[in-house]
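Enquirer: When you get a sec, could you build the whole thing from the sequences and use the hints?
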Amino acid sequence: AVGTNTCNGGLHVIAMNNPLNPVFAGCYSSDGYTHDVQCVLYNGPDESYNGREICFASNEDTITIIDVTDKTNMVQLARESYSGDRYTHQGWLTEDHTHFLFNDELDEYRG
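All residue numbers for the sequence shown refer to my numbering, where the first residue is 1 and numbers rise by one.
Don't take each hint at face value.
Unchecked claim - Calculated pairs, DMTMM-like style, for lysine to aspartate or glutamate (alpha carbon to alpha carbon, straight line, at most 20 Å):
id, residue 1, residue 2
1, Lys71, Asp36
2, Lys71, Asp31
3, Lys71, Glu53
Bear in mind the hints are in silico, worked out from the structure with no lab data behind them.
Expert: Right, here's the structure in full:
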């Protein structure tokens, strides 16, 4: 879940093993507010992460990549900002997991 008042605004992870009874599974709040996130069972060019649960988070002024495989020990893999960042709004991985396409909600107004 994103956009909540829990987990200091970061990732609020919910286990959906039983969709009729979702259960809190953990927090990742080490990189501030997460506006949007896509979590996948990774199958991309970095083979060392294939088969792991990886989240690509749009965190206001960065794209942050987190390995959430172990919900008790989520690990930030990368955090990148970009020139002219104003509000990293949302993004999506390409089908082959080679690129993360994202947009900035305010760069055209404040750029």
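Enquirer: Each of the hints needs a verdict: does it hold here or not?
Expert: Against the structure, the hints come out as follows:
no. : hint             : verdict
1   : Lys71 with Asp36 : 19 Å, holds
2   : Lys71 with Asp31 : 16 Å, holds
3   : Lys71 with Glu53 : 10 Å, holds
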